[in-house]
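Engineer: Residue strings, one per chain:
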Amino acid sequence: MTNKIEQLILATVAFFWAFLMWFSTAAFSPSIGQFYGLTTGQLALLASSAIWLSPPGRVLAGWAADRFGAHNVFAFVLAATGGVSVLSAYASEVAFLSAFEVLFVERMVVASAGATFVVGIQHVAQWFDEHEIGTAEGLYAGTGNVGAGVGALLLPRIYGTNFSEAFLHLGLVAIGIAVVYKWRGRAARDRATAETARENTSLGDTLYVWTRYAAVGLMLAYAMSFGLEIAMNSWLPTYYADGFAGPISDLGFEGVAAVQTAAGTFAAVQSFNASLFRPFSGYMSDLWQRKGWTPYPVLSTSQEYSPRVHWLMTALICITVAMLALTAAGLAGLLPVSVVVLAVFGVTVSFGTGGVFAIVPVLFEDRPGTASGFVGGVSTSGGIVYPLVYGYVPNIHAGYAVVAVVFFVPIMAFYVWAMRHDDDPRDHGIGSARRWLGDRDGDGVAAAGGDD
Amino acid sequence: MVDADSGPELDADSGPERDGDSAPEADDWYRWGRIVLYAEMALAVLITAFSLYLAFTGRAGFIA
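Residue numbers (full-length UniProt numbering), protein chains in the order written: chain A, 1 to 452; chain B, 1 to 64.
Under the rule of at most 20 Å between Cα atoms (straight-line distance), these lysine to any residue pairs were calculated in the SDA-like manner: (1) A:Lys4 to A:Asp190; (2) A:Lys182 to A:Ala194; (3) A:Lys4 to A:Ala194; (4) A:Lys4 to B:Tyr30; (5) A:Lys4 to A:Arg184; (6) A:Lys182 to A:Glu195; (7) A:Lys182 to A:Asn72; (8) A:Lys4 to B:Arg31; (9) A:Lys182 to A:Ile5; (10) A:Lys182 to A:Arg67; (11) A:Lys4 to B:Asp27; (12) A:Lys4 to B:Arg34; (13) A:Lys4 to B:Trp29; (14) A:Lys4 to A:Asp366; (15) A:Lys4 to A:Thr196; (16) A:Lys4 to B:Ile35; (17) A:Lys4 to A:Lys182; (18) A:Lys182 to A:Asn3; (19) A:Lys4 to A:Arg189; (20) A:Lys4 to A:Phe16; (21) A:Lys4 to B:Trp32; (22) A:Lys4 to A:Arg186; (23) A:Lys4 to B:Asp28; (24) A:Lys182 to A:Phe16; (25) A:Lys4 to B:Val36.
Just so you know, the hints here were simulated from the structure itself, not pulled from any lab data.
Input sequences plus hints: build the corresponding full structure.
Structural biologist: What follows is the structure in structure tokens.
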């Protein structure tokens, strides 16, 4: 006998640990670099190992969750990545495993634990009702995301430079969680719900989801929020160290190490707020849904989930304004204002991440894993694109405004365009539902729709 | 902005739930879920304030 609370706790604990493993390599970068005598370029390559497998991994994991059940997929991924983490613990002691290249591949596999995000989203969606889905998904994702920050903060303090022991313990606990997940996890609240998801996993079903303009709009909205969050995690320490070198020095931080420490502390504010406010965003989505708030005339107000779409629009506007404010504070050279804006910025990012996944399972209720994989996977590429733009713009402070104008305004315009339909937005996409699904309906949509 | 009191009355067939009285009943877990999310928000505010205090008093090294 189980219940949805147990399933939520299972998913949240497992995702927290998966996130801890995802970023555990970064926490020991200096130690690993010293042990292997790595160059700066090799260290950058090692850092990138965390992101490489995310986009394809999430797409695949989401589909697999629908097909095989989230509890099976989560248990398999945790056991596999945990096993490789244990293996990587002996990288420094066994002959052929001692090469840096072997460690790099091992840690890349371990980092694929981050793909479990969409598996948990699917799992929670299969258990919770529509009116409470925002809060449930927010609690799952927000609490789990904290694993990254906790890892960065605690792992070096607990293990010092002994990264091998850390990787060993992380892997063993992951295997333990996998066993519990397999034992206690159930795919859905009833057999019919699980069977519906399992039956909708053909290539046609996948292409149907990928070609819906609404799904693309949500994917872009997630690139504008979570993609931005991980981009800022890697960029902000550099930004504060370079863009505010003078004011930071005036605070009494002298030397490269001290300036990096201060810059990292400012940057962490964004990370924690973006994670910890995410459940609140899900709750707000539920609240808007309950109250029926639909303030934007350019968006449809007639869908059952329209208030959630309007809440996400609010979040996207807030993110864009916060980006412009970051640039303004930077150009004015006001460090305290910039950091306060950054804290607010983190909250607005959480509004976006929580808002997106309060909609995805509702919009694609019969294909939650496939849709979550598409929305949550492709969007992580934002983590690579935005820092490139920041670094390319001549004035280091102007990068945020450039990204807001060049990327975010068009994304919001597309989101409005995709969600404006008073008939079901799932009817609109490249090819009709009938083309991709045959005579079956898509998530309750009449099969005749489409923008061929 | 339309709220529950002044907004148009729409039924489930024509639009989202607008009437607070007809909204689905939340389970017991929802109350605890809200407590957890408020606790997480409070934690975020505390971490932000603490980090900024340490940074702006030149003591960021204490936690970094």
